[in-house]
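> Using the sequences provided together with the hints, build the complete structure.
Order-wise, the sequence lines are chains L and U.
Our numbering numbers the first residue of the first sequence as 1 and each following residue consecutively.
Our numbering numbers the first residue of the second sequence as 1 and each following residue consecutively.
Be careful, since some hints might not be right.
Because identical chains cannot be distinguished in the list, a pair is counted as satisfied if it fits within a single copy or across any two copies.
[Said to hold, decoys possible] Cut-off 20 Å, straight-line C-alpha distance, at most; resulting in silico cross-link-like pairs (SDA-like, lysine to any residue):
#, residue 1, residue 2
1, Lys242, Ser74
2, Lys146, Glu373
3, Lys226, Leu355
4, Lys478, Asn426
5, Lys84, Lys283
6, Lys392, Glu471
7, Lys319, Arg33
8, Lys319, Glu25
Hints were generated in silico from the structure; no laboratory data involved.
2 protein chains.
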Amino acid sequence: MLRPWKTLFNISFHTDHTLVRQISEVIRNEIIRGRLESGASLPGSRALAQDIGVNRKTVVFAYEALIAEGWLESRHKSGTFIAKNLPLIAETSKPVLKRIVSNFNYIQHDSFDLNDRPLDGNLIVFNEGGPDTRLAPLRELSMAYKRVFQRQGKWRLLGYGSEKGDLKLREMIAVMLARDRGLHADVADICITRGSQMAIYLAAKVLVHPGDVVVVENPGYYAARKLFHEAGAVLKTVDVDKDGINVDALEELCLQTKIKAVYVTPHHQFPTTVMMKAGRRIKLIELSLKYHFAVIEDDYDHEYHFGAGNNLALASNYKAANVIYISSLSKLIAPAIRMGYITGPAAFMKSLVNLRVQIDRQGDAIMEHAIAELMEDGTMARHARKVVAVYKERRDLMEACLLQNFGDQVSFRKPEGGLACWVKFNREMNFPQYMELLKLRGVQVVPPGSFYLNNQPSDYIRLGYGSLNKEELTEGLKVMSCTL
Amino acid sequence: MLRPWKTLFNISFHTDHTLVRQISEVIRNEIIRGRLESGASLPGSRALAQDIGVNRKTVVFAYEALIAEGWLESRHKSGTFIAKNLPLIAETSKPVLKRIVSNFNYIQHDSFDLNDRPLDGNLIVFNEGGPDTRLAPLRELSMAYKRVFQRQGKWRLLGYGSEKGDLKLREMIAVMLARDRGLHADVADICITRGSQMAIYLAAKVLVHPGDVVVVENPGYYAARKLFHEAGAVLKTVDVDKDGINVDALEELCLQTKIKAVYVTPHHQFPTTVMMKAGRRIKLIELSLKYHFAVIEDDYDHEYHFGAGNNLALASNYKAANVIYISSLSKLIAPAIRMGYITGPAAFMKSLVNLRVQIDRQGDAIMEHAIAELMEDGTMARHARKVVAVYKERRDLMEACLLQNFGDQVSFRKPEGGLACWVKFNREMNFPQYMELLKLRGVQVVPPGSFYLNNQPSDYIRLGYGSLNKEELTEGLKVMSCTL
Numbered sequence: 001m002l003r004p005w006k007t008l009f010n011i012s013f014h015t016d017h018t019l020v021r022q023i024s025e026v027i028r029n030e031i032i033r034g035r036l037e038s039g040a041s042l043p044g045s046r047a048l049a050q051d052i053g054v055n056r057k058t059v060v061f062a063y064e065a066l067i068a069e070g071w072l073e074s075r076h077k078s079g080t081f082i083a084k085n086l087p088l089i090a091e092t093s094k095p096v097l098k099r100i101v102s103n104f105n106y107i108q109h110d111s112f113d114l115n116d117r118p119l120d121g122n123l124i125v126f127n128e129g130g131p132d133t134r135l136a137p138l139r140e141l142s143m144a145y146k147r148v149f150q151r152q153g154k155w156r157l158l159g160y161g162s163e164k165g166d167l168k169l170r171e172m173i174a175v176m177l178a179r180d181r182g183l184h185a186d187v188a189d190i191c192i193t194r195g196s197q198m199a200i201y202l203a204a205k206v207l208v209h210p211g212d213v214v215v216v217e218n219p220g221y222y223a224a225r226k227l228f229h230e231a232g233a234v235l236k237t238v239d240v241d242k243d244g245i246n247v248d249a250l251e252e253l254c255l256q257t258k259i260k261a262v263y264v265t266p267h268h269q270f271p272t273t274v275m276m277k278a279g280r281r282i283k284l285i286e287l288s289l290k291y292h293f294a295v296i297e298d299d300y301d302h303e304y305h306f307g308a309g310n311n312l313a314l315a316s317n318y319k320a321a322n323v324i325y326i327s328s329l330s331k332l333i334a335p336a337i338r339m340g341y342i343t344g345p346a347a348f349m350k351s352l353v354n355l356r357v358q359i360d361r362q363g364d365a366i367m368e369h370a371i372a373e374l375m376e377d378g379t380m381a382r383h384a385r386k387v388v389a390v391y392k393e394r395r396d397l398m399e400a401c402l403l404q405n406f407g408d409q410v411s412f413r414k415p416e417g418g419l420a421c422w423v424k425f426n427r428e429m430n431f432p433q434y435m436e437l438l439k440l441r442g443v444q445v446v447p448p449g450s451f452y453l454n455n456q457p458s459d460y461i462r463l464g465y466g467s468l469n470k471e472e473l474t475e476g477l478k479v480m481s482c483t484l
Numbered sequence: 001m002l003r004p005w006k007t008l009f010n011i012s013f014h015t016d017h018t019l020v021r022q023i024s025e026v027i028r029n030e031i032i033r034g035r036l037e038s039g040a041s042l043p044g045s046r047a048l049a050q051d052i053g054v055n056r057k058t059v060v061f062a063y064e065a066l067i068a069e070g071w072l073e074s075r076h077k078s079g080t081f082i083a084k085n086l087p088l089i090a091e092t093s094k095p096v097l098k099r100i101v102s103n104f105n106y107i108q109h110d111s112f113d114l115n116d117r118p119l120d121g122n123l124i125v126f127n128e129g130g131p132d133t134r135l136a137p138l139r140e141l142s143m144a145y146k147r148v149f150q151r152q153g154k155w156r157l158l159g160y161g162s163e164k165g166d167l168k169l170r171e172m173i174a175v176m177l178a179r180d181r182g183l184h185a186d187v188a189d190i191c192i193t194r195g196s197q198m199a200i201y202l203a204a205k206v207l208v209h210p211g212d213v214v215v216v217e218n219p220g221y222y223a224a225r226k227l228f229h230e231a232g233a234v235l236k237t238v239d240v241d242k243d244g245i246n247v248d249a250l251e252e253l254c255l256q257t258k259i260k261a262v263y264v265t266p267h268h269q270f271p272t273t274v275m276m277k278a279g280r281r282i283k284l285i286e287l288s289l290k291y292h293f294a295v296i297e298d299d300y301d302h303e304y305h306f307g308a309g310n311n312l313a314l315a316s317n318y319k320a321a322n323v324i325y326i327s328s329l330s331k332l333i334a335p336a337i338r339m340g341y342i343t344g345p346a347a348f349m350k351s352l353v354n355l356r357v358q359i360d361r362q363g364d365a366i367m368e369h370a371i372a373e374l375m376e377d378g379t380m381a382r383h384a385r386k387v388v389a390v391y392k393e394r395r396d397l398m399e400a401c402l403l404q405n406f407g408d409q410v411s412f413r414k415p416e417g418g419l420a421c422w423v424k425f426n427r428e429m430n431f432p433q434y435m436e437l438l439k440l441r442g443v444q445v446v447p448p449g450s451f452y453l454n455n456q457p458s459d460y461i462r463l464g465y466g467s468l469n470k471e472e473l474t475e476g477l478k479v480m481s482c483t484l
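Put into structure tokens, the structure is as follows:
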């Protein structure tokens with residue numbers, strides 16, 4: 001009896017696993033593999049200990065563990081046995097590969113986001129308008145973080161907090177919205193989200209019943225389009241021109257069908273960068289009241305505005321009872337700091353918070369509080385002023401390079417704000433081939449199709465300039481023009 | 001003409017708003033309120049500037065802003081006019097209160113989470129089994145965070161990263177799972193989530209098609225129950241006894257109906273704290289293969305185990321092809337650090353990540369990386385050892401106090417692990433009244449109903465002891481017994 005036991009135990013004194021764990025694993029595995037049968041007896045702890053060269057206590061602990069787990073049973077005075085109530089064990093020792101029924105939801109992966117793919121080290125990447133992470137206020141953030149951690153009341157922050165987010169951050173956002181966007185939001189009706197992505201996800205899920213019609217801009221923000229689609233919406237598009245979404249076309253649509261919501265990016269339209277003009281704004285609000293639809297305003301990079309005019313938020317209009325407002329601090333700090341927010345009518349926000357609790361309970365209270373302090377002490381505003389100046393320079397450089405390198409091969413409007421330029425190629429383009437060539441020469445751009453519904457072909461690309469410094473921008477645009 | 005203008009402008013030199021902003025706001029508001037009509041002319045910039053006492057340039061800038069926004073038009077040599085294409089403005093100046101159709105989704109709010117409510121300063125709170133935030137490894141976390149921020153490669157972390165989470169953290173979790181839970185997960189099939197809450201949300205949404213049957217433990221974790229319900233599942237319950245979920249009852253259910261998934265908490269069952277015994281584990285796995293259902297294993301506080309046995313994860317079984325494994329680092333660090341993870345079959349994980357991207361794109365890459373480093377350098381393991389010793393003491397104190405203060409008025413089993421005790425009252429209880437009285441005396445406990453489906457009445461309460469120190473625990477239990 002004792003011989004086979006010894007060969008089974010290949011005890012090592014040099015692993016992470018304790019001796020107790022090693023011994024109990026061997027026995028457990030022998031049971032699972034059917035080599036030790038239900039009801040069989042085990043050697044006494046003293047004998048086994050001697051045999052495998054460990055302290056007797058070690059074997060006793062291993063047996064106790066296996067008894068507690070239900071693998072073994074101890075019978076008074078008779079010793080230790082393999083438990084009797086174990087079900088019959090598999091005949092085969094091969095892992096079973098039968099998988100669960102695979103009709104999962106969310107199977108498709110439409111990967112049109114450039115950021116999804118890992119970046120080559122030395123590529124010059126024209127992203128879709130993201131900020132330059134090298135300008136992120138890291139030192140300030142790190143210090144604010146540390147201050148919060150050293151604070152007396154920090155324990156409160158570490159437990160469960162409000163589902164709407166840190167109260168102080170909501171207060172600071174309310175102050176900022178009133179000052180910069182003309183929007184007076186009740187702190188109780190603001191919810192901090194994991195980036196504006198989660199805000200749109202929540203809004204779509206709360207608003208849309210399957211079959212509801214949701215209008216999106218064309219061209220427009222594909223990620224939002226996808227979220228409304230996934231929520232069950234029937235998507236309709238309305239074209240965008242130099243003054244923003246065509247509200248007359250929208251009105252015609254209202255006459256034809258019941259619309260549940262209209263998703264717009266009025267400040268710097270995505271992807272065209274145009275500002276929606278005042279007349280259109282008023283009409284959009286009037287239509288939302290007349291035809292009873294929600295307007296979802298994505299004010300995604302309002303901090304970055306360089307032009308003369310700086311329209312306040314649509315939601316600031318005194319008749320904007322149906323406007324849901326979404327924005328983000330991620331563009332001001334860094335994409336990895338997922339910090340968005342949403343505000344809207346109280347009843348809507350109540351439902352939204354109910355869903356938010358289901359998804360992740362609450363945000364990162366510590367990070368939220370740290371950012372709130374940077375807003376309160378003026379650090380964020382100073383940072384914004386600093387980077388706006390940098391980005392304005394880059395925009396101007398972008399304009400100069402485009403004019404100089406491309407001449408009349410491209411057309412574009414100098415963007416009033418945001419971190420990207422919407423560029424039209426005045427010749428027939430084979431974009432996949434062009435992008436392939438560019439990549440060989442170290443430059444990457446966003447594929448042009450994804451901005452239009454059904455990826456309809458287009459002569460435009462969206463060139464982000466925010467994340468590239470002077471040298472990168474100059475070099476990148478030179479390569480692009482030489483490759484034409 | 002000039003008189004009324006002057007009275008309109010009540011310029012302040014002591015606000016956050018620039019003079020340009022103040023002037024353009026006055027004009028914009030006059031247009032919106034219908035007091036300046038479409039097509040009307042404005043005074044020249046020089047005249048207006050003189051009249052309201054500002055520099056002429058200021059008025060020019062304000063006019064330019066309003067022109068860019070579409071409120072005004074400039075006609076060559078004739079001056080500046082209110083834009084012609086503005087739609088008719090509202091007749092009334094009262095805010096419109098007509099709200100959007102209010103048939104939102106997610107309207108109900110079942111608030112059974114004690115943590116939802118703000119805590120009174122000096123209450124002794126027996127929560128549901130949360131850790132003591134006063135023991136959180138704050139200094140270590142803060143330093144790790146700072147180190148990441150000072151690192152050369154930090155810029156990469158600040159941009160968009162992997163939807164599955166920081167690679168290094170996934171690697172560290174894989175190592176830890178193999179070492180502590182016997183589970184060998186492919187790093188590519190691990191996804192970091194915002195707490196285990198998000199992991200359960202994602203799993204429910206990916207697995208459940210409306211009408212699918214999902215089995216949950218009774219009593220069980222209400223938050224998981226709710227997520228499956230919201231995903232469209234038909235819920236069935238199977239009772240839990242001292243050995244875990246009753247697998248024979250589950251088998252009978254399998255014979256009656258097609259089951260899509262079974263949600264279990266085998267390690268320390270929630271709320272009863274019992275460990276699922278080995279025989280039941282094997283049978284559950286065998287049933288999942290025979291009847292083709294997914295097992296969702298929520299291994300939510302595996303770090304805190306004090307007893308002799310420490311069953312490995314269900315998912316570690318070599319036949320666990322259908323097991324989806326969920327756990328969390330939040331209980332080890334602090335609830336506010338929402339850091340969960342999930343792993344399962346590759347095809348399932350692919351769908352899950354697709355949904356995750358929709359919700360919030362990715363996790364907090366910086367925090368994830370900081371925690372990965374604390375796992376790599378052994379800090380987390382040291383912290384775990386330290387707090388396990390503290391919590392074991394608290395458990396033993398809990399046991400002693402319950403025995404001493406309550407005698408045979410309550411029954412309970414000493415929990416093998418976790419941070420709570422499942423206590424049965426051996427007399428008829430009026431819980432709402434009892435809780436009311438307790439609160440007056442400074443003690444709060446979790447209402448007992450929420451653990452059972454349909455809030456069926458119960459004699460049990462779940463008393464968390466982890467978050468209370470020696471004095472709080474002793475005092476709290478004394479008050480509870482005196483109030484009986």
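> Would you mind marking each hint as holding or not holding in the structure?
Comparing the hints with the structure gives:
1. In this assembly of identical chains, the alpha carbons of Lys242 and Ser74 lie at most 20 Å apart only when taken from different copies (18 Å versus 82 Å within one copy).
2. Taking the shortest Cα distances, Lys146 and Glu373 sit within 20 Å of each other both inside one copy (12 Å) and across copies (17 Å).
3. In this assembly of identical chains, the alpha carbons of Lys226 and Leu355 lie at most 20 Å apart whether taken from the same copy (19 Å) or from different copies (11 Å).
4. Only within a single protomer do Lys478 and Asn426 lie at most 20 Å apart by alpha-carbon distance; the minimum there is 17 Å, versus 82 Å between protomers.
5. Proximity of Lys84 to Lys283 under the C-alpha cut-off of 20 Å is restricted to the inter-copy arrangement: shortest distance 14 Å between copies versus 78 Å within a copy.
6. Proximity of Lys392 to Glu471 under the C-alpha cut-off of 20 Å is restricted to the intra-copy arrangement: shortest distance 15 Å within a copy versus 60 Å between copies.
7. Only between protomers do Lys319 and Arg33 lie at most 20 Å apart by alpha-carbon distance; the minimum there is 11 Å, versus 72 Å within a single protomer.
8. In this assembly of identical chains, Lys319 and Glu25 lie within 20 Å of each other by CA distance solely across copies; the values are 16 Å between and 69 Å within a copy.
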